[in-house]
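Number of protein chains: 2
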Amino acid sequence: MAPVSLDTINPKVLKCEYAVRGEIVTLAQAVQEELKSKPGSRPFDEILYCNIGNPQSLGQQPITFFREVLALCDHPSILDKSETRGLFSADAIERARQILNQIPGRATGAYSHSQGIKGLRDAIAAGIEARDGFPADPNDIFLTDGASPAVHMMMQLLIRSEKDGILCPIPQYPLYSASIALHGGTLVPYYLDEATGWGLEVSELKKQWADAKSKGITPRALVVINPGNPTGQVLAENNQKEIVDFCKKEGLVLLADEVYQENVYVPEKKFHSFKKVARSMGYGEKDISVVSFQSVSKGYYGECGKRGGYMEVTGFGPEIREQIYKLASVNLCSNISGQILASLVMSPPKVGDESYESYSAEKDGILSSLKRRAKTLEDAFNKLDGVTCNKAEGAMYLFPCIRLPEKAIKAAEAAKTTPDNFYCRSLLNATGIVFVPGSGFGQVLGTWHFRCTILPQEDKIPAVVSRLTEFHKSFMEEFRE
Amino acid sequence: MAPVSLDTINPKVLKCEYAVRGEIVTLAQAVQEELKSKPGSRPFDEILYCNIGNPQSLGQQPITFFREVLALCDHPSILDKSETRGLFSADAIERARQILNQIPGRATGAYSHSQGIKGLRDAIAAGIEARDGFPADPNDIFLTDGASPAVHMMMQLLIRSEKDGILCPIPQYPLYSASIALHGGTLVPYYLDEATGWGLEVSELKKQWADAKSKGITPRALVVINPGNPTGQVLAENNQKEIVDFCKKEGLVLLADEVYQENVYVPEKKFHSFKKVARSMGYGEKDISVVSFQSVSKGYYGECGKRGGYMEVTGFGPEIREQIYKLASVNLCSNISGQILASLVMSPPKVGDESYESYSAEKDGILSSLKRRAKTLEDAFNKLDGVTCNKAEGAMYLFPCIRLPEKAIKAAEAAKTTPDNFYCRSLLNATGIVFVPGSGFGQVLGTWHFRCTILPQEDKIPAVVSRLTEFHKSFMEEFRE
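One line per chain: the protein sequences are A and B, in this order.
Residue numbering for the first sequence follows our numbering, beginning at 4 and increasing consecutively.
Residue numbering for the second sequence follows our numbering, beginning at 4 and increasing consecutively.
Where hints are given, some of them may not hold.
Below, computed lysine-lysine pairings styled on DSSO-like, alpha-carbon distance capped at 30 Å [claimed, not checked]: (1) A:K289 x A:K216; (2) A:K419 x A:K476; (3) B:K216 x A:K15; (4) B:K15 x A:K289; (5) A:K15 x B:K218; (6) A:K84 x B:K84; (7) A:K121 x B:K41; (8) A:K18 x B:K329; (9) B:K218 x B:K252; (10) B:K15 x A:K218; (11) B:K84 x A:K366; (12) B:K279 x B:K289.
So these bits of chain B aren't anywhere near chain A, every CB distance computed over 12 Å [what the hints assert, rightly or not]: (13) R134; (14) F137; (15) D382.
For the record, the hints were derived by calculation from the structure and aren't laboratory data.
All C-beta atoms in this analysis are idealised placements derived from N, C-alpha and C, irrespective of residue type, glycine included.
Same shape as in the complex, but just chain A (with noise of 0.2 Å):
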């Protein structure tokens, strides 16, 4: 008799789905094993995984001075040797000493402060407000290993029961329903409106708010995500004003999902913090309480492999903060690489640096490049039939929505899936390409959509828009009614 089964084991466990690691990737990587095990057996000789915000894995390069001191870093006895000065920048080695220098022993290999480096939380908490304007405490700041970790703590300390409601947009990432499914909480549903670019209403927000209410549930919190995953949009001020307005008058804490800030891709958007539009708005540590969630592993770094990130607590008691550390400290601390990367992420070289010119002409290069890819894409997409796609504000992503005919829904069904899986399912099998079905993120009851993440290299894009644009064609075709 085995000693677990699936009757048997944690009922949350079963209920969570993470679709960006789903069955559609799933298929994708037996589809890889099969190209290399029998070359020639499909009509493509690669798989593109246009699933998931991982750039590196796709070919973009890391930024040069971030991995010097990462490198140096990690073995420091070579800091003093004369060919180091021929292998790494004058900054870089600069850097690598200061930092060495802000933990104790110069121990990268010791376990830290369970909140993070304290050195390295002060250059955090500098570069917060270098880029607010307002004041950032080094010791909000708690160091996880990616932003992932930091959701799931915030989630353990607020979800108490089913009875407790989390506000999430929908579509949503589905890090946040995986995560309040797994602490036993109930998402509570916003939609963000289609056809206003994504658009987040108050409007909406108090109708579900007040519709939870009426069930019994207790919304605790607000989940943003801005720049939008899976939609792209960037919140203007204004709107941001009225969320911040609504989560004090609510009680509700703001969870801040802003690790796509560098990720803004059009002149009339600009990135603007939550807790800089509440500071600015005259509300302080005492009027409302903020998280905002920043990684490594988005912005022009993309370094996803080195699970860096934090989040920034305000408008917390110190009964509470104290409990917030317990939960960091169970898990002694988050990698320290990816700690030193955080921190360089929110204090690059600055003009008049050795590596400040590569600096700058590698981050220029990758967003310029994304803001064309994105540009590209969304272009491609409103050409296919039946597909509409909102503009790519920022963020990696495009979201397109697309009416199948009735025959696809039907053949869907006689599949056992639902129409987007079954679109992404033929796509996948007729050209390699890798999208994330619309109901892996939620979607509006009868739409369909897809993800489809800006990330292949440009070189790659073209053969992306046709094998897209031939698949759906034939796709349509096939199921004209």
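With the hints as your guide, set chain B onto chain A.
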């Protein structure tokens, strides 16, 4: 009105305790700040952290070969430069190349497979096979940010409610009590027998198992820490066999904390993994579920800050494996440097490699020094009035028992704390030495202990011994009846 108060957070978070970073450590940090701002304010000039298994924070140096490989993987563009051969050993360069070739796109900055990079799991599985003499499957390996997240993942999988019990040794490493509390289960204690060198008696397991059942609790898993933390005992193979049989008979998942597998200091004991023991008894995949936890933080490597580790998951059906994979995928993947380090630890340099001699010398130097330190501290404790200390056969800790005078127990009561906490706090204030009170690990009612690591560098040990001895004398005198 604050949206969050102690009355409205998750009560499981409130209940959770983590003594290794608890009150005494917070006090130590405050005293350290005081020493910095007011030098000479205390009768000592530094804090001696003996509270946590964090070797490099106390001056242990990392293994050079490991750090060389990590640095090269962080900044692969120097691999082909001529200066690099002057700075790095040839086999580290070669190993870095091999590892990079195993990473799709050589991208150390990309999210990996959620279980970890396949090539690294291959190396780990090969290392386990070499250690145990039984096959290991890379698909059974889940790489994690240190061992802690792996433990949480298993608790999350197994615990449905407070009716699910996890058998844990007392004293235990408080990660287990914390994780069980956070996931809402019940810790079913089984007591290690201090009189027989912290022996693990199967009769005690049976008794506590039956007692839990009689209270309506379903025991789901048995935690064994071998070598022991905080107790330092190493289980005899025969004893392990009895434990395996008990788990098999009662349908318990065997959660084997084997992070101290390299830390055995006595010739009469040897580390055997529980999987090896089960296989040597003829039990296969279908007979017993065994999860083995390993970490880069312990052993002779002590790379706590890198947050590398893995669990080897055997004896679960594919449907359960899928659920574990899903849990891993919600956090995307563990950090790549930690993954690389985990593979290095399980496949270090071999005889004939350029680095082998220096690697061996570093490893043996650390392990033989740990052995000497363990003996010196053990002897010192046993010389203290009212203190008895079992032998540290392995791991990094001693857990002496202290019989406190009634007057000290009353003084603790008056100070609203436990006697062991009172003793540790007094010790810290008088000497700067940080121990963790036994209460944090659990102890037989009415007995008092503390945990002391064997990690201060050898030149500091005489100071620890003399300060402790002097303090203890005056403490016992002060509270003599």
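Here is what the structure says about each hint:
| no. | hint | in the structure |
| --- | --- | --- |
| 1 | A:K289 x A:K216 | holds, 25 Å |
| 2 | A:K419 x A:K476 | holds, 23 Å |
| 3 | B:K216 x A:K15 | holds, 24 Å |
| 4 | B:K15 x A:K289 | holds, 26 Å |
| 5 | A:K15 x B:K218 | holds, 25 Å |
| 6 | A:K84 x B:K84 | holds, 15 Å |
| 7 | A:K121 x B:K41 | holds, 20 Å |
| 8 | A:K18 x B:K329 | holds, 11 Å |
| 9 | B:K218 x B:K252 | holds, 20 Å |
| 10 | B:K15 x A:K218 | holds, 24 Å |
| 11 | B:K84 x A:K366 | holds, 25 Å |
| 12 | B:K279 x B:K289 | holds, 15 Å |
| 13 | R134 | holds, 23 Å |
| 14 | F137 | holds, 20 Å |
| 15 | D382 | holds, 28 Å |
When the structure is compared with the earlier hints, no violation turns up for any of them.
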